[in-house]
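Residue numbers (this note's numbering), protein chains in the order written: chain A, 1350 to 1812; chain B, -1 to 746; chain C, 103 to 360.
None of these hints come from the bench; they were simulated from the model.
All C-beta atoms in this analysis are idealised placements derived from N, C-alpha and C, irrespective of residue type, glycine included.
In silico lysine to any residue, SDA-like type, Cα no more than 20 angstroms apart, as pairs:
#1 K724/B <-> L337/C
#2 K744/B <-> K326/C
#3 K333/C <-> I730/B
#4 K252/C <-> P102/B
#5 K633/B <-> P1697/A
#6 K724/B <-> V178/C
#7 K286/C <-> P44/B
Have a look at the derived ranges for each label pair, beta carbon to beta carbon:
#8 G284/B <-> E298/C: 51 to 59 angstroms
#9 K579/B <-> Y1680/A: 54 to 62 angstroms
#10 E298/C <-> R295/B: 53 to 61 angstroms
#11 E298/C <-> K539/B: 21 to 29 angstroms
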Amino acid sequence: MANQKSSVGIRGMEIKTLPKHDQSHISYREINEDILRFMTQTGPGYYIVLGALFLLTILLYALPWAYQIYTGQGVTGLNVPVFWGVYLVNFVFWVGVAHAGTLISAMLYITETPWRRAIARGAETMTLFALVIVTFFVFIHMGRPWNFYWSFPYPNTRQLWTSFQSPLMFDVFAIGTYFTSSVIFLYFGMIPDLASLRQSSTGWRKSLYRVMSLGWRGTDRQWHMHGKACMFFSSFIMPLVVSVHSIVSWDFALSVVPGYSKTVFAPYFVTGALLSGFAGVLLMLTVIRWFFPIMKKYVTAYHFDRIGIIILVLSLTWSYCTLMEVVTGLYANTSQELEHLKFKLLTPPYSYLFVLMIFSNTLVPLSLMIRKIRSCEIGMFFICIFVLIGMWLERYLIVPNSLSRKFLPWMWHDYFPSWVEVSITVGAVCFFIFMFMAFIKIFPVVSLFEVKEDAGIPMKKGH
Amino acid sequence: MKRREFLRILGIGGAGTGLGFVLGKVTQTPGAKLIPYLVPPEEIVPGVANWYASMCAECNSGCGIIVRVMEGRAKKIEGNPGHPVSKGGLCVRGQASVQRLYNPDRIKGPLKRRGQRGSGDYAEVTWDEAAAELAKNLSDLRKSGEAGKFYLLTSQLHGHLNQLAANFMSGYGSPNHIQYELFQNRNLLYANQASMGLNTIPHYNIEHTKYLLSFGADFGSTWLSPVNFSKGYGRMRQGEGARGKLVQVEPRISVTGANADEWVPARPGTEAILALGIAYAMVEKGYNRAGDASAWRAALSAYRPKEVAAITDVKEERIFEIAKEFAQTRPSLAIGGEGLSSYENGASGLVAVNVLNHLAGNLGVKGGVLPNPDDPLRAAVDMNKRITALASAAASSKVKALAIYNTNPVFTTPKAAKLEESLKNIPFIVSFSSFMDETTALADLILPANTPLEDWGDGFAEPAAGAPVYTIMQPAVSPVFDTKSLGDILLSLAKSMPGNMGPKLQAQSFAEYVRNGWKELYSKNRAMASGTADFDDFWDKTLQNGGWWSQEPSRRGLSVSTGAASANISNKPAKFDGDEKQFPLYLITYAHPMRLDGRGANLPWLQEIPDPMTSVVWGSWVEINPKTAESLGIKEGDTVSIESPSGRISAHAYLFPGIRPDTVALPLGQGQVYGRYAKDRGENPIGVLPLVENPKTGALALNSTRVKVSVASPTGRMVKMEGSTKELGRGIVKTVSPEEFSKMKKEA
Amino acid sequence: MAGIFDKVKDTLNSYRTPGYFKKLDHKWTMVVDLDMCNGCGACVAGCYAENNLPVVGKEDCGKSRAFSWLRIERYVDGEYPDVKVKFIPVMCQHCMKAPCEIGCPVYATYHNQDGLNVQVYNRCVGTFTCATYCTYDVRRFNWFSYKWPKPLDQQLNPDVTVREMGVMEKCTFCIQRITAAKDKAKDEGRGVKDGEVLPACCQSCPTNALVFGDLQDPESRVAKMVNNPRKYRLLEELNTDPSVIYLKRVMNDGKSEE
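Extracted from the complex, chain A is given alone in its bound form:
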């Protein structure tokens, strides 16, 4: 626990970090009470926001989608040859947002990075709901969403089987696995907390937690098993950090479309996903800290500092990949690649979008070199916003943009999202926040038992 190292980096290229914030003065009881208070003591403002979000979800998300299902995909801006538009952009973007959850809960768990504890639950929750959004976007983008289940390989009277050579089929499995394991991991990690809350809550909460804690009593044996299981799931999920977004990138990279068919895509997408994922987590933490000062006790400047460094590293890696993407195209020196690049880099409005993307994803995160900015809440908030916008633009510049300039110039056609697409995109954000806000009022957003590990009172470790 007494890891007092206050810098990261190698060979003298250390970046100064904040010293670990000591939380050993917080007592178990305090933690339990804080979290329960956070969950139960809800002001009217919260309900108003929640209600507003629900309304917005209905108006901006559900109704336009219903309209789209009823009328047809024609209400979008899609055309020949740009068949993949904003929905696919959102799909890739939200898979990316979902990524930090895995990384924090699995990779950092295995490497026993201590600062992950306070934020892991929040990140996992984000993952879960981001994946819900992802799944919905898959359905939204389909021409006949009512037949979505045809893409699952199950024995059926139609004697149909799915095509395992299709990258979309890989997606079904990648995202299916990711979703399932995320749910299990989230729930599993929550069991001891639910048990703690069972003790101190009343009413419907008590019944809910009683059922959901699956008879957890905190015996040695249970803790032992729990620790083992967490380790197992972490190891299981860890490859997903790399695989899920690699597979998503193959949706594009396995085609022959100029702008899609690039070998750099898998690492490029994974890096981008983690970048947007961490930005998303940090944004969430900032907002939670603002509205619930109680959480400042658990989510400290130290976390900001650490995540800031990760974002910096990811941003640099991402920038390298972006450079490679462009250079590979230039190096190919075929009319197809050059026209695609010309369209992406030099044709307004896409050239502006490209500049904005580079500004948000490369230049803005460079400021994270400065420690003051890393520990500045407002600064981090805006950096995260920029990174998220930049990452969304990156996907936009890849997905519909490449399709606008395919092989036969006769069929070149531009794409502009329609109001339905814009509305559903915004609505999805509302839907996400709504789900997240509802969730954190029912389940603990901070992992009680893990924070208690930090609280400095000796207890048995799980392994």
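With the hints as your guide, set chains B and C onto chain A.
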């Protein structure tokens, strides 16, 4: 579960079932029941198609078609593979004619005007009422001794319908049957008559020619007989022997020009002079194969290539080159199309083309100009029966009744003709149109006639195939709406008229009339009778084959005399209205490959299938050279105003390098007021044209004005299907040079 | 050892052959002679009539949603007065190694035993992947439920389904005509004769630029035409192995080498 609860659930379930049943009944579409044929019609086998041979009437080329009919509905029209004109192919317009048959905007039954003329307020009436009304009006007129004040205005009619109309008019006592269409080949008929003594349009044997010199003939999409010529074009390019070469002379690249090996953008209005310059070059260099060189040199002395080059904007060397190649490639062929004919002196240009063919020895040879036999039912076209004659007669109230069929002159004549105003003077107008259009809208009575797929008829194809081609048109389906054949209308009208209408209108129906007519032809023509038992046998075979044709070529000899030529040619470029300074650009209007003169505008396929040269759909445009556009500050898609001394319209700019910088081009056919697909599609280019008529033929000159083009306030948007027309070195349409190709051919 | 390796390789390769069929029944092929094609568009009209293609109207045409399964592309080179215009009809190339077939997760598009790239409308869920992967942009999507105003619907070909909203479609080489010809041949106990199957476009072509036939039949016209030295295939460098063969246009455009 308690008993009460059980009953409640049972009740809800029962009510639900009942409600479902009621809903099902209410929402059931009427007529959703399957009714088996009690006595199935003989020719209908569900799922099995019948093919009926007939004739396409979308243009005047008379292609033989076969119509696929299933369960009594026309499904698809294809070219009749045995027919010598269409040879199994069919153009866009012919294939779309099934949408004329099933057009939702057809007039569904007889209508009688209720409101003001032109207000479009019509009351539905029965056929008996409408026919009685028509008969009463016409018989009153006849009784008052003013039969000559009845005018019949139709499109160019063919075969027995034409004969029946003539019989009707002579029986009624009026000489005024005017046949009018925008593209009627009047100039071509006149030029061939004047220079070669032909009453019909000859067959231009593109198939076997090795050097085709085309003066504004868009034979691949609109000119004369596009399907037949296209079939020939394919064979000319990749048939037997060497590959034929195509040289296109026109100010704007047409669909055919796009396929040419060489494009000669002569100055608009000077193509005829260019043709004569080439002729002079041939004579001067001694290339000519026919005609007396010295006589021709004298006749053509005004067309020395040097002067011609200055007038036409074509280099002198090029004129000599073309002359040499044209004369020395055997066989060669020169044709003059709408582009040439549409000038004010169009007929003389066509004579010039005949001179070229004469000098090169192309007349009457395979791969040249082959004469056609005369139409057995029609003598020469009367050039004096013109639309302007009708307009002036109507303006001076010399027209008391007018019947209109299948033509829309209000749409296709320039404003200066004042046709609409004049027609309003006519006390009684009856229209036999199946569609509401600008002219029919003036009618007091509308008796909708069948569309060609529902009708009987026949045609003696011009320009045919150098041999007699008699094509029959038979109904492929029964009338979709409450319409009747024009032939039937005229026959029954003749019967209901008091007084003698002559002996030729006795047939009970038009079908019978056509059959009787063919019987007469059969009895006169021994070639028809060969191989058939009797007329009934012949008739069955004719209906099955789609007509009768023979391989027997016409033996008529063709030549052009210096006298005939000199009388018709002129060394003055065609006149263009408007001052050169004020109106700097020549205006070329052309028949659109899909909509022709506008008749195809309400067929959705013809709006949706992109124009071959611009890919514009559902709209109208003006083609401008990019350089000209740049100097005028016009960008692609801009709304521009096109102003001539006669009027102003607006259109969207399409920038196209294949047009002379001093020329702009407008396609005809859009800008109609009626029809759900045709309306709101830009403005009618006829609106900027002056009324210039060829004094000898009455053909309207469509390329007869200069215009001024300027950016106008934006209206609507031009929709084109092309993304980019630049190939960017991607090797999409790969090519081989002609030299390499001939090497390939030798090796093979 | 090498023998086993080859055997494994052959087995794996056999799975790579389209449709997993050892041998195709037919290999339907279209030959397009670009020197004969004059760009008139009759083939497009034939396709509209035969295959129940809906008319989408101006607005949707502007969004590039026109339904023509077959389109004529026009490329323009040069400036006035040296302007070269070239036409090329582009329809589904029925690639033997089709990118679209890789993309579909539900096997809505696959290769059948006739060498055709077929689209099963019933199976399509509308992921757009096939159209995105298609290198020729020939796939069309039913953005809406299209309606034919009465009585235009009476023209609809009963041999071809009217596709519902949300499915992808494309040129089928007029598979209904192929099936009909095969049925007829089977009834008469013979093989399909050359020229017996004519897709609507080939049938209507006024210049006979489009020729259709079975490449496996050595006597067929297409089998003879593919030996033409002018032969090339569209975007052949992408290795999609298209079944449509183009014959180069004879033209002086200053670059005849490729």
